[in-house]
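Take the sequences, apply the hints, and build the full model.
Just so you know, the protein sequences line up as chains A and B, in that order.
Position one of the first sequence corresponds to residue 1 (UniProt numbering), numbered consecutively onward.
Position one of the second sequence corresponds to residue 1 (UniProt numbering), numbered consecutively onward.
It is worth saying that the hints were derived from the structure and are not from the lab.
Incorrect hints may appear among the rest.
As the list claims (entries may be wrong) - If you want a taste of the chain B side facing chain A, the calculated C-beta under 10 Å gives, among others: (1) C123; (2) M126; (3) Y128; (4) L140; (5) P189; (6) H196; (7) L198.
Unchecked claim - In silico lysine to aspartate or glutamate, EDC-like type, Cα no more than 20 Å apart, as pairs: (8) B:K36 with B:E149; (9) B:K200 with A:E86; (10) A:K200 with B:E17; (11) B:K200 with A:E157; (12) A:K200 with B:E86; (13) B:K73 with A:D87; (14) B:K200 with A:E122; (15) B:K200 with A:D4; (16) A:K200 with B:D87; (17) A:K73 with B:D182; (18) A:K200 with B:D4; (19) A:K200 with B:E149; (20) B:K200 with A:E149; (21) B:K200 with A:D87; (22) A:K200 with B:E157.
Glycine is no exception: its CB is placed at the ideal position from the N, C-alpha and C atoms.
2 protein chains.
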Amino acid sequence: MRTDFPICPLQDYMMIERESQQEEDNSVSDRLERLKLQYSESGMRRSAEALIVVTHRGFPHVLVVQVANAFYKLPGGYLDPSESFEDGLITRLNEQLGVPESTAPNWLLARNKEAGDWKVRECVSMWYRPNFDTFFYPYLPPQHTHPKEIKKVFMVELPPKKIFAVPANMKLHAIPVYELYDNAARYGPLFAGIPHILSK
Amino acid sequence: MRTDFPICPLQDYMMIERESQQEEDNSVSDRLERLKLQYSESGMRRSAEALIVVTHRGFPHVLVVQVANAFYKLPGGYLDPSESFEDGLITRLNEQLGVPESTAPNWLLARNKEAGDWKVRECVSMWYRPNFDTFFYPYLPPQHTHPKEIKKVFMVELPPKKIFAVPANMKLHAIPVYELYDNAARYGPLFAGIPHILSK
Numbered sequence: 001m002r003t004d005f006p007i008c009p010l011q012d013y014m015m016i017e018r019e020s021q022q023e024e025d026n027s028v029s030d031r032l033e034r035l036k037l038q039y040s041e042s043g044m045r046r047s048a049e050a051l052i053v054v055t056h057r058g059f060p061h062v063l064v065v066q067v068a069n070a071f072y073k074l075p076g077g078y079l080d081p082s083e084s085f086e087d088g089l090i091t092r093l094n095e096q097l098g099v100p101e102s103t104a105p106n107w108l109l110a111r112n113k114e115a116g117d118w119k120v121r122e123c124v125s126m127w128y129r130p131n132f133d134t135f136f137y138p139y140l141p142p143q144h145t146h147p148k149e150i151k152k153v154f155m156v157e158l159p160p161k162k163i164f165a166v167p168a169n170m171k172l173h174a175i176p177v178y179e180l181y182d183n184a185a186r187y188g189p190l191f192a193g194i195p196h197i198l199s200k
Numbered sequence: 001m002r003t004d005f006p007i008c009p010l011q012d013y014m015m016i017e018r019e020s021q022q023e024e025d026n027s028v029s030d031r032l033e034r035l036k037l038q039y040s041e042s043g044m045r046r047s048a049e050a051l052i053v054v055t056h057r058g059f060p061h062v063l064v065v066q067v068a069n070a071f072y073k074l075p076g077g078y079l080d081p082s083e084s085f086e087d088g089l090i091t092r093l094n095e096q097l098g099v100p101e102s103t104a105p106n107w108l109l110a111r112n113k114e115a116g117d118w119k120v121r122e123c124v125s126m127w128y129r130p131n132f133d134t135f136f137y138p139y140l141p142p143q144h145t146h147p148k149e150i151k152k153v154f155m156v157e158l159p160p161k162k163i164f165a166v167p168a169n170m171k172l173h174a175i176p177v178y179e180l181y182d183n184a185a186r187y188g189p190l191f192a193g194i195p196h197i198l199s200k
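Okay, here's the thing in structure tokens:
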């Protein structure tokens with residue numbers, strides 16, 4: 001993998017805990033109901049997710065959020081209709097994994113500010129949700145002209161020595177690329193394709 | 001999928017037949033023996049393959065060669081140690097799917113020349129064969145510092161109205177991207193990752 005920005009070792013980063021962040025919906029059906037409501041109000045939903053790569057023992061790993069000891073997702077989330085993909089992704093990353101300004105000690109905030117901010121780089125993958133169900137595809141299937149959601153995945157550059165604040169109900173894992181490869185059964189097809197995306 | 005070159009409909013292209021091209025090795029063990037011999041003579045083998053995309057009924061399809069009604073492969077092949085990836089890929093494409101200059105009628109050669117040549121664009125994926133066996137990975141696994149083969153996959157731009165000459169023992173298929181998606185069981189992990197690679 002070659003990037004036009006540096007990839008740093010995992011041990012350069014510090015992780016602290018922040019307050020729990022509950023999922024906005026309690027069930028899949030609640031989630032789909034909200035998607036339908038949003039679609040009727042403001043059209044296709046837009047999401048942005050971050051592909052953040054670090055090295056560990058010299059091998060590339062991807063940072064992945066695990067919610068409630070259950071499912072895995074890339075950091076990021078839904079955008080407000082007024083947000084651009086790039087700005088919205090930075091906002092979601094700060095909400096999800098940023099050091100909370102109201103509760104963190106000043107020295108930590110200062111150190112984190114010194115480290116610098118994440119930078120959104122190339123869009124490396126785009127996924128469509130053609131229907132009001134849970135399936136996304138890396139293309140818009142034939143005969144589907146009105147996707148319900150579009151999700152863009154961006155490479156995100158991590159400045160050296162950044163501090164992550166991980167919500168208490170989540171875990172942040174660094175998963176080696178070989179663990180994701182050809183492993184849609186465990187991680188789903190989006191994650192299983194990350195090695196291909198990173199291979200160029 | 002967005003490319004910085006035009007993607008043309010399948011029906012713009014004409015396919016004729018050319019002489020059979022037998023595989024260089026008759027069995028997997030023969031193939032691995034040859035790889036070992038080449039490795040001892042000239043080090044890591046290099047291969048280049050072409051990701052050629054056309055539209056059909058408005059949907060992206062990938063051109064895939066099927067050998068002897070059996071396995072599928074992308075057009076391309078091994079490079080000589082002196083060939084660059086880009087020039088070698090053009091040579092392999094002309095040997096495999098080009099109109100043969102010695103046997104084709106002049107009007108066909110003229111029409112094909114007028115259409116223009118394939119153009120090698122971005123390298124979109126890199127695969128490593130770490131051992132003397134049949135497995136390739138889109139990364140070099142940890143503890144493997146001397147891969148036996150590296151394979152680069154390039155987007156290849158197809159000029160409108162190009163003529164393909166397909167060897168009599170092969171078929172050239174245009175496979176829709178949705179057929180490859182999440183289908184490593186049928187097409188293998190390289191093909192199953194093509195939708196991810198094309199999704200950006």
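Structure-inconsistent hints, enumerated in ascending order: 10, 13
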